[in-house]
Amino acid sequence: MTALSNTWFAERLGDHGIHSQYLEDHHPAHMPCLEIRRLDWADAAEEAKRLEMRFVAVWAALAGRHDDAKTLYSYMAFAHPEHRHVLLRTPLQEDNPEVLTISEHYIAAYRMERHMQDMFGISIKDMPDTRPWIKHEHWKADAHPLLDDFDGHSPMQPDAGRAQVDYDYVSCESESVYEIPVGPVHAGIIEPGHFRFLAVGEKILNMEERLGYVHKGIEKSMQGRTASDGLMLAGHISGDTSVGHSWAFAQACEYAADVMTSKRCDYIRGILCERERIANHIGDIGAICNDAAFAFMHVQCSRLREDMARLHHDVFGHRLLMNTLTLGGVAHDVSEEACQKLIQQTRDIAVEVEHLRAIYADTASIQQRVIGAGIVGVDDAKDIGLLGYVGRASGHEADERIEEAYAPYDELDIAIPKGEQGGVSTRVWVRFEEIASSSRMIIQMLENLPKGSIQTDWVAPEAGVSGFAAIESWRGEIAAWVRFGTDGLIDRYFVRDPSVINWLGLELAVRTVPVPDFPLVNKSFNCSYSGHDV
Amino acid sequence: MLRILQQISKIGSITEPLKSSEAFEVMGAELKDAIRKHFQGSLAIRLVDAGSCNGCELEIHAANNAYYDIERFGVHFTASPRFADMLLVTGPVSINMKTALEMTYDAMPSPKLVLAMGDCAANCGVFGKDNYAIAGSVADIIPVDAVVHGCPPTPTDLIQAILALLNAT
Ligand code: SF4
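Just so you know, the sequences run in chain order C and L. Residues in the first sequence are numbered consecutively from 1, following my numbering. Residues in the second sequence are numbered consecutively from 1001, following my numbering.
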């Protein structure tokens, strides 16, 4: 861990006449939080854009223990490949919480700004899209769940008068354009969300997403939980990313509390996270092929995934690796015998996947479907800031295992695939490459597993202290910010699943794609609904 | 093509008896009989995720993999509630999914069975009932015939629960 504070962005802002103040109660120092004046808000975002920083998130929080009693703060975070993450915040006016939009500079901000509008009633000035987002039509107009005076503990009653109100979808007057509404309940075994297609003939003219159906009030529900109770909840933000979300939450807490995890713990967390990556990639490759009627791959891939789940149950006590992290540690140590089993299986699976990959590459019928389908160009990917394998398939290779290089990745040989074509086949290619690279890392970690304890004592920090972490989960970067209140209880938690950003890429990818190709393209993204809706 | 066939014959059949216990085998046979009798050999299930974290969905997928192969009992998942015999619901019911769940239930022909899957569906699980965004457990919203606990329930738990529910009907 670098103890030196990272002043790079503060200096750049200073050059630009934007004064910023370093907050002492935020950790870690290499991902600082700077307070700026409200009138500099959008300019600071513009400056970040000019410096080619990647947009991470924008969110809001009520004042913490160290802040002015009633003020609401707006936060945003950016990342630079060399200069790492930086958080900015600004106090909003008490009687009229209002802030300028930054989506003019970073388009990916606009749904998060709508979320701030829904949750806090903050008005975002000059927004390109002011429609409510998570706040569905039946919510009462004055319901802003993250404000203090909102009753978060009993089910919210709908506004009966608004039951028939529909979301204001993008529409088209032309007679040759027809609409296809899909969802929220989808045809397969998947999560709920609504897609509104505008189609001309066979082709999609526009696809609009309407999400928020599985909103579970996680941000509010976190408030007042102990950190270990919170960790359990974080592990269920998106069930397929239990390790990723638990790690992001735990690391943000550990940074805040200045708790150093042991090397053995870091390695085991790395093994868990990479195994989660492989399991999901294998499952998805099978599912993508299945959507193009290549059932053979699906059957083979789900067999491998099941083999992994069974070993996970034996070694880590859970088929989906849930509840495997603790604050300051991991829940299960890896015995010598388990270590050998994991090495063996990881090797076997890597070999089997390569074999299947050769079959996949040689099968013309699947290749014809995946090549050239659902393309996101390199410029668009960078503009949106697409994450994980979706970004890497379109030349945007942000990877926190390299940029943040948190332990254990600072000691591992990471190979990051980078594609340029940006279609379904490239996303599949990236996933195959990642399976190979993660397998090598897992074996490297298991063969060099440091000795020692798996648990460091956890002591919650004092009230008002916050921590931020960025973890490369299998879908991409998870950004988590935690602030503590009195008695070691959580007072605010914000998390941005990579899906929040990648969902935007899907809307672009399916333009001019034939309608029947939508499931295929969608699967190749496989964004989380639950992780998005929180 | 040749390689595909080679791979298929190399792996062979991996489908397992559900549990080595004899009682379970009897139950499996009973299930097939029950499905043959009540549902003409095929039980169509419609899944609604009413707010899950997607962990339960992963295990439903797993129940379809070659090891468990839930289809061998005549159970299959359908895209429409219109021809579903059973509604499988996962997750706590979020306030934003409540209407969709009710509409799906109403769209099913009677008689219909409802199985609530997972601790969330049973009692809102980790998300809790004391939460503004959660309308309630599944039974708070629609009539439920059986519940299978677990976070998430394993594929074996799920298959057993379906069998038990049918045997009870
Ligand atoms: S029961 Fe567990 S796995 Fe299933 S939806 Fe709830 S939290 Fe997720």
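It is possible that some hints are incorrect.
Derived CB-CB ranges, DEER-like [what the hints assert, rightly or not]:
| hint | chain 1 | residue 1 | chain 2 | residue 2 | range |
| --- | --- | --- | --- | --- | --- |
| 1 | L | G1041 | C | A293 | 20 to 30 Å |
| 2 | L | I1011 | C | E104 | 49 to 59 Å |
| 3 | C | I414 | L | D1130 | 16 to 26 Å |
| 4 | L | H1149 | C | T456 | 25 to 35 Å |
| 5 | C | P516 | L | L1005 | 26 to 36 Å |
| 6 | L | A1107 | C | P516 | 51 to 61 Å |
| 7 | L | S1009 | C | E354 | 11 to 21 Å |
| 8 | L | A1066 | C | A364 | 22 to 32 Å |
| 9 | C | Q368 | L | K1037 | 36 to 46 Å |
| 10 | L | K1037 | C | E354 | 15 to 25 Å |
If you're looking for bench data, these hints aren't it; they were derived computationally from the structure. Note that beta-carbon positions come from the ideal geometry of N, C-alpha and C, so glycine has one too.
Tested hints:
no., hint, in the structure
1, L:G1041 x C:A293: 20 to 30 Å, "25 Å, holds"
2, L:I1011 x C:E104: 49 to 59 Å, "55 Å, holds"
3, C:I414 x L:D1130: 16 to 26 Å, "43 Å, violated"
4, L:H1149 x C:T456: 25 to 35 Å, "33 Å, holds"
5, C:P516 x L:L1005: 26 to 36 Å, "28 Å, holds"
6, L:A1107 x C:P516: 51 to 61 Å, "24 Å, violated"
7, L:S1009 x C:E354: 11 to 21 Å, "19 Å, holds"
8, L:A1066 x C:A364: 22 to 32 Å, "25 Å, holds"
9, C:Q368 x L:K1037: 36 to 46 Å, "45 Å, holds"
10, L:K1037 x C:E354: 15 to 25 Å, "47 Å, violated"
In terms of the numbered hints stated before, the structure departs from hints 3, 6, 10, listed from lowest to highest.
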